[in-house]
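*Asks:* Put together the whole structure using the sequences plus the hints.
There are 2 protein chains.
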Amino acid sequence: MSKLTDVPKRILIGRALRSDKLGETLLPKRIALPVFASDPLSSVAYAPGEVLIVLSVAGASAYHFSVWITLAVAVLMFTVVASYRQNVHAYPSGGGDYEVATTNLGPKAGLTVASALLVDYVMTVAVSISSGVENLGSAIPFVVQHKAICAVAVIVILTLMNLRGVRESGKLFAIPTYVFVGGVFVMIAWGAFKGLALGDVMHAPTSHLHIKPEKSTLAGFAMLFLLLRAFSSGCAALTGVEAISNGVPAFRKPKSKNAASTLALMGGLAVVMFCGIMALAIGTRVRMADNPAVDLLRANGHAVGSSFVVDPVITQVAAAVFGRGTFFFVVLAAATALVLFLAANTAYNGFPLLGSILAQDRYLPRQLHTRGDRLAFSNGIVLLAGAAILLVVVYGADSTRLIQLYIVGVFVSFTLSQTGMVRHWNRHLRTERDRSKRRRMMRSRAINAFGAFLTGVVLVVVLATKFSHGAWVAVLGMVIFYGTMTAIRKHYDRIAEELAASDNPSEDTVKPSRVHSIVLVSKLHRPTLRALGYAKLMRTGTLEALSISVDPAETKALREEWERRNINVPLKILDSPYREITRPIIEYVKSLRTENPRDAISIFIPEYVVGHWYEHLLHNQSALRLKGRLLFMPGVMVTSVPYQLESSEVARKRARRRAEWTAPGSVRRGPVDVRRKDAGGKS
Amino acid sequence: MSKLTDVPKRILIGRALRSDKLGETLLPKRIALPVFASDPLSSVAYAPGEVLIVLSVAGASAYHFSVWITLAVAVLMFTVVASYRQNVHAYPSGGGDYEVATTNLGPKAGLTVASALLVDYVMTVAVSISSGVENLGSAIPFVVQHKAICAVAVIVILTLMNLRGVRESGKLFAIPTYVFVGGVFVMIAWGAFKGLALGDVMHAPTSHLHIKPEKSTLAGFAMLFLLLRAFSSGCAALTGVEAISNGVPAFRKPKSKNAASTLALMGGLAVVMFCGIMALAIGTRVRMADNPAVDLLRANGHAVGSSFVVDPVITQVAAAVFGRGTFFFVVLAAATALVLFLAANTAYNGFPLLGSILAQDRYLPRQLHTRGDRLAFSNGIVLLAGAAILLVVVYGADSTRLIQLYIVGVFVSFTLSQTGMVRHWNRHLRTERDRSKRRRMMRSRAINAFGAFLTGVVLVVVLATKFSHGAWVAVLGMVIFYGTMTAIRKHYDRIAEELAASDNPSEDTVKPSRVHSIVLVSKLHRPTLRALGYAKLMRTGTLEALSISVDPAETKALREEWERRNINVPLKILDSPYREITRPIIEYVKSLRTENPRDAISIFIPEYVVGHWYEHLLHNQSALRLKGRLLFMPGVMVTSVPYQLESSEVARKRARRRAEWTAPGSVRRGPVDVRRKDAGGKS
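Residue numbers (our numbering), protein chains in the order written: chain A, 1 to 683; chain B, 1 to 683.
Bear in mind the hints are in silico, worked out from the structure with no lab data behind them. Just so it is clear, the structure is predicted and the values come from calculations on it, not from any experiment. Careful, some of the hints might be misleading.
Copies of the same chain look alike in the list, so a pair counts if it works inside one copy or between any two.
[To be verified] Below are the DSSO-like pairs computed for lysine-lysine, each with C-alpha atoms no more than 30 Å apart in a straight line:
1. Lys437 with Lys255
2. Lys29 with Lys253
3. Lys590 with Lys627
4. Lys171 with Lys29
5. Lys653 with Lys490
6. Lys29 with Lys194
7. Lys556 with Lys490
8. Lys255 with Lys556
9. Lys556 with Lys108
10. Lys590 with Lys653
11. Lys572 with Lys653
12. Lys536 with Lys590
13. Lys108 with Lys194
14. Lys627 with Lys29
15. Lys556 with Lys147
16. Lys572 with Lys194
17. Lys536 with Lys147
18. Lys627 with Lys572
19. Lys490 with Lys627
20. Lys536 with Lys627
21. Lys627 with Lys653
22. Lys437 with Lys627
23. Lys556 with Lys212
24. Lys253 with Lys108
*Replies:* Below is the structure:
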């Protein structure tokens, strides 16, 4: 296909780069697990606490319901994992939920999923960072006293790291994730051993407190509603499960199988960790409350007050099992915080990845879809960070309040994706005749149908129980994303229609009869001489030099120099009584166009190329604005003839550095295989 | 000189515009006075109060010194006015102090004056607005309770007005200025009549208070120092006197004579108003203090406290003469505030005017020197407003504290300008033989020499008495401006040297042997077809079309369409495994340059031209960045072939509106007459 053969140098560079990137990019399962699963695994750091906080509304006596809620979350987790294993096999291209929904349910469903996921990425950053700061705070009190500032600081650091283009390294993810998972397992095992075998009674730091229930007697529907709300909060453990289905191309072969196994492993780990922490929390009598300053009472009946810091469940349990301040306690707290920060970082990788796919479908500016386009990624990263910072500041980095916004987006995409999968199997079953294949498909369809049903129910529950608690903010965010992307797509479609070449060749390829070339001259320096030289080479019609006279003395000097140098191009001088540059040129070009409407006009602008941004402020500004104006005139083309000043070397080097920059998300994206129809173009 | 004759349309438009502007621009004296004198006249609203505030350090008994200080200020005012009348005759070009200092004392002195004036403009805005808000506050208590916010709001409104390009209208200035001047005269006359003829005893609102002197017994040097400080504060009345010397070209003929008469009139009015207000303040027993909350005591010996608002002297006097809240009182307070805001507005006009002159001398970015260049003016205006807002916020819009920074800049430029004038006359006296002319010159020289001496003494006094009180901030600002402008000038000089064409023509006009043209193609739409058509017309060497393949399907479609349309230009396709656009093109061009180093390469980029800023975000971004990279490659020229979309009509209209925009300061600048040597160029 390509004609690379005639550019030997390029091949070498290109090839080398390619295999290089490939080697680094493909992930073995043991690395893929921490890269993709830091988000769902880390959520066990806050999900159990959220369940208990909701239940505390009905007092500590309601805590026994947490067993059932844990069970429900585990069932849901297994269902979702089983469902996504089907996705991974059916859509190994890495388009994820967006692709599944678009292909099977149409572009509107796809766009809904995309909006939901974009909101979800913002929430992942806000919730994970806030929770990470809270976990860190249980080891370092200063942090929890300045929660919002610390959370913003972490977001800013992550943002700068990603803007600078730190490559998402598998190892970077692996160590803290495995330390975290290992630590939680050791804690669960040691806690179970102490409690069951040794018969020790362990006490969480809040075990001596009593809960003042907001509503002392809840019954019937109100109690059910409360349990559903608690369950909704517990569902936070499921966020990020879909990440693997976006990342299939990054796996080693057999990609789908490896991805499916990783999914299963992740699901298993998450469920065990969630259940274990929950069991320990009940066993060590952890007490949480929505408003601990008022609702948590000491033995004497007084509230603990606002200076009392209620640590997250995971650190309370760790304090009970290992003892507060012990080596294990500190390691676990640090690993938890780190994994939560890594989970936030996955959003920095996922956001541009999704953005690039949406850009290919023209829902977002097209420049987002070129890889390694630093500027485009930067915009996405800054947008993500800005939204997350706004949320963190507004909600005071309070993970309990942020959680209310979190889960809507995830379950919108779960439900639509699973519904899409059911359609997918229906479509395939219509044509498939092979018995065993049909049986497998029907099994997959059943799994996806159950998944769609269950996640749909959860979505309704989440919306019903959390809408007024904050979920409306997430819905609003989704509507804004949806509206913006629809508008962008409409714009592109309208432009494409306007640009389409008609089949009548004479209409589009209407050729001007000849070209009148004009070289703009301010002084007779090297850039001007170069532009004149080039213009002479290019000319087909007439050629003249044009200068604007703002000072008679200067103009006279220019004329004399022109004659002295014997430049065989006629020099035309326009008077500009108001020292304007743009207007006289525009008007002159207009008059030429009026005189000879069939002529095209080619304008050569000598430009200096400088290296520093501040130098740009000092040069070429008039040229830049003139160019901007000229582009609006039909029948005019504008040629920049650059003259590279010494300082431009700086900028060349910078450009090279930028070209070598690694875009966030490149690891989880895997190598490019052209998988989508309408990639390309440089509009 | 110009070859306008062959562009009939342009002449008509140009001429019409020119005479049009001329008619509006030339100012009769009765309009020129308010336009140029609102700054010095308005300063009588705060200067008397500042004198009393300083004196209050030594208690109310020191107030009797204010007579001498008033006398000294009046003498200084007459001296400065007399001196500037010489400037106006000798330098009618409107270059002002900067031109006088540069011509006679060299560029460093000129740049010092320019730095001082730039700082002065910032201070004019900050002080005038703060004082205006204080005056308004004496009629509307809300304003004085939220001084800083109100001051910032007024600055923002003025800034927006000037950014939008409100033409400085003579009438707009005339009415409030004449109301203010008339009001003050009526007040002085009525006060004198009541006090002297009727024998009424008038009481200012603060007349019943006592001052607790900070230093009860001041003697000798300390007392002298205090008096000098009080005198320095009184010198605030002189700020803005130099404005007329910048505005000579805006006067009707005989310009210099009219300007000189206006100066004299302004000086007379200012002195009478200053003395009158001062006399009334003493007569009505106005009490001011540096820290009124502590230093002003009630009859019972208790301090008035921080809730007590001490009004400016002018409104206290107005309250004593007319009665608080009467019609005359409110009109005078409103007119005072308005004149102060107009005084601030003069800085918005003076700043870009000085900027444009500095840009001509390459001390500031050159684009500032084109008239009506909206963007350039906008930057200056925003810089001015930003600095003023910063000062207002930092100093809490307290005019007393801001005054400490104000007068340094003015007296730096007074002193250097007058010294320059002495040199000017010395130079002329060396050649002049005519007796009567020599006599006139020697008279002028004597006046300027006395002016230089007196303003120099005041400058030393101001620096000595105010440096630690805040004048150091102004000095720092001057140093920053000076450093920046020196750096910019150095940069331009270095570049000019690098760009200078050598006299060996073969070196500079080295012609590439031929041109290899490349048309970049993404899709075969109208813009591409137009670019191909133009490129064919321009070609001298070889021509090929280049497309980057990011998607095999799309590339295949392009190839087929290419053949179907029978486009007789070879189509080369480069593979881009990472969906990059820029890198493959850059590398291809590099390889071409390596193969044929003597070929120039001309790259045609089809561009869509859109109308809205948000559309820019959606289009041409890759093209823009590609162009940026290509400009760094030697031997490459880049041609934009624009295709105007329908929406570009919007932008064309906007551009036309912008071209008709009036730059601030255009009235006081007068019509252009080319007066400086090195105007021109569009670098």
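*Asks:* For each hint, tell me whether it holds in the structure or not.
*Replies:* So, going through the hints one by one against the coordinates:
1. Lys437 with Lys255: Classified as within; 20 Å inside a copy, 99 Å across copies.
2. Lys29 with Lys253: Classified as within: same-chain Cα gap 10 Å, cross-chain 89 Å, threshold 30 Å.
3. Lys590 with Lys627: Both, since 14 Å and 26 Å are each at most 30 Å.
4. Lys171 with Lys29: This pair counts as within: shortest intra-copy Cα distance 12 Å, inter-copy 80 Å.
5. Lys653 with Lys490: between (39 Å within a copy, 24 Å between copies)
6. Lys29 with Lys194: neither (34 Å within a copy, 99 Å between copies)
7. Lys556 with Lys490: Result: close only across copies, 26 Å inter versus 55 Å intra.
8. Lys255 with Lys556: Only across copies: Lys255 and Lys556 sit 29 Å apart there, 74 Å inside one copy, limit 30 Å.
9. Lys556 with Lys108: Intra 67 Å, inter 29 Å, cutoff 30 Å: inter-copy only.
10. Lys590 with Lys653: This pair counts as between: shortest inter-copy Cα distance 15 Å, intra-copy 40 Å.
11. Lys572 with Lys653: between (39 Å within a copy, 28 Å between copies)
12. Lys536 with Lys590: Intra 23 Å, inter 23 Å, cutoff 30 Å: intra and inter.
13. Lys108 with Lys194: neither (54 Å within a copy, 83 Å between copies)
14. Lys627 with Lys29: neither (54 Å within a copy, 43 Å between copies)
15. Lys556 with Lys147: For Lys556 and Lys147, the Cα distance exceeds 30 Å both inside one copy (69 Å) and across copies (56 Å).
16. Lys572 with Lys194: Neither: 96 Å inside a chain and 73 Å across chains, both beyond 30 Å.
17. Lys536 with Lys147: neither (67 Å within a copy, 65 Å between copies)
18. Lys627 with Lys572: Intra 19 Å, inter 29 Å, cutoff 30 Å: intra and inter.
19. Lys490 with Lys627: both (29 Å within a copy, 27 Å between copies)
20. Lys536 with Lys627: So Lys536 and Lys627 pass the 30 Å test inside a copy (21 Å) and across (22 Å) alike.
21. Lys627 with Lys653: both (26 Å within a copy, 16 Å between copies)
22. Lys437 with Lys627: Intra 63 Å, inter 54 Å, cutoff 30 Å: neither.
23. Lys556 with Lys212: For Lys556 and Lys212, neither the intra-copy (92 Å) nor the inter-copy (71 Å) Cα distance is at most 30 Å.
24. Lys253 with Lys108: neither (33 Å within a copy, 72 Å between copies)
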